[in-house]
Amino acid sequence: AAGVIQSPRHLIKEKRETATLKCYPIPRHDTVYWYQQGPGQDPQFLISFYEKMQSDKGSIPDRFSAQQFSDYHSELNMSSLELGDSALYFCASSLEAGGDNEQFFGPGTRLTVL
Amino acid sequence: AQSVTQPDIHITVSEGASLELRCNYSYGATPYLFWYVQSPGQGLQLLLKYFSGDTLVQGIKGFEAEFKRSQSSFNLRKPSVHWSDAAEYFCAVNRGSTLGRLYFGRGTQLTVWP
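So the sequence lines, in the order shown, correspond to chains A and B. When we follow this note's numbering, the leftmost residue of the first sequence carries the number 404, and every step to the right adds one. When we follow this note's numbering, the leftmost residue of the second sequence carries the number 1176, and every step to the right adds one.
It is possible that some hints are incorrect.
Said to hold, decoys possible - Stretch-level coverage of chain A by chain B, calculated; a stretch enters the list once three of its residues show a Cβ under 8 Å from a Cβ in chain B:
id, stretch
1, 440 to 446
2, 453 to 466
3, 478 to 486
Everything labelled a hint here was simulated from the structure, so no lab data went into it. Backbone N, C-alpha and C fix where the C-beta goes; we use that ideal spot for every residue, glycine too.
Chain B on its own, in the form it takes in the complex:
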């Protein structure tokens, strides 16, 4: 069975500090990997995605993520967090098939202190 693990339920950082949100997946092959952000009352917005190629991918809002095959990880990073980054972040995977079904992690709630 495919699963996505986000080990950190809640993270608090100070504005301007760096951020890393962890994501691990369990699947034999390399799936398509995504990070979504959800603000209160809003839908899920795609931050970035990885399909193949360069393992460091850049996304919107200054976020980046690195795919590490050996660790089955796809961690999200941002060098300097802004107060507006406070939201819930979801890692998601697709099996890389013709079907678009996404499997999500439980999410990480990010709080930013001013």
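For reference, chain A alone in the conformation it holds in the complex:
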């Protein structure tokens, strides 16, 4: 069965550079969630989209932006990278928004900022 695809799987950047993380949801899923998991930390919700509109916003820095495109894939854009942005970034998708809809997670993108 098709799963959530994230690219790239690993990314190394220098401080103050920019990064773009991509997420391709399971076909027919219209909701995408982004989470950030720092070293030894629990995953923290960043932002979500439902039908290409932002549906919820968490602790996402102003340096980050995201959007969901017409084909439902999503991109997380990160600018002026800081050392503290080094983390595992998960994308999840679900069929419709709502707490009772199972979120299917991708394998994550590991971002390292040097």
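Keeping the supplied structure of chain A fixed, place chain B upon it in accordance with the hints.
For chain B alone, coordinates are given in the frame of chain A:
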């Protein structure tokens, strides 16, 4: 503020032994409750979930969890652990709203001795 507590950072059990992973949440109402498992290099996989009804829920891979409202707990159990169960386990909650944001615990790393 909502929080999810997994008091055990690391648990080691022998293969064939029983397992219980603890999870407590702090939230006034009864949220939607989830357990996810993460193997190295993999995304988060849903083991089971609780929304309402029977407080003992069955999941995949022989896992079960019991919701106890009086203790604000949702502990994960397995009667006989297999070596392939070694992974990191995350408890997560949703406020039961139309938004799917998940709040995660810090995770419990499970090691299984042969």
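Each hint, compared with the structure:
Given as covered by chain B, the stretch 440 to 446 of chain A passes the check, having 4 residues with a CB less than 8 Å from a CB of that chain where 3 are the minimum. As drawn, the stretch 453 to 466 of chain A meets chain B at 3 residues by the rule of a beta-carbon pair under 8 Å; at three or more, the given contact holds. Remark: the stretch 478 to 486 of chain A is not confirmed as covered by chain B, as 0 of its residues place a Cβ nearer than 8 Å to a Cβ of that chain, below the required three.
The structure fails to meet hint 3 from the earlier list, while all remaining hints are met.
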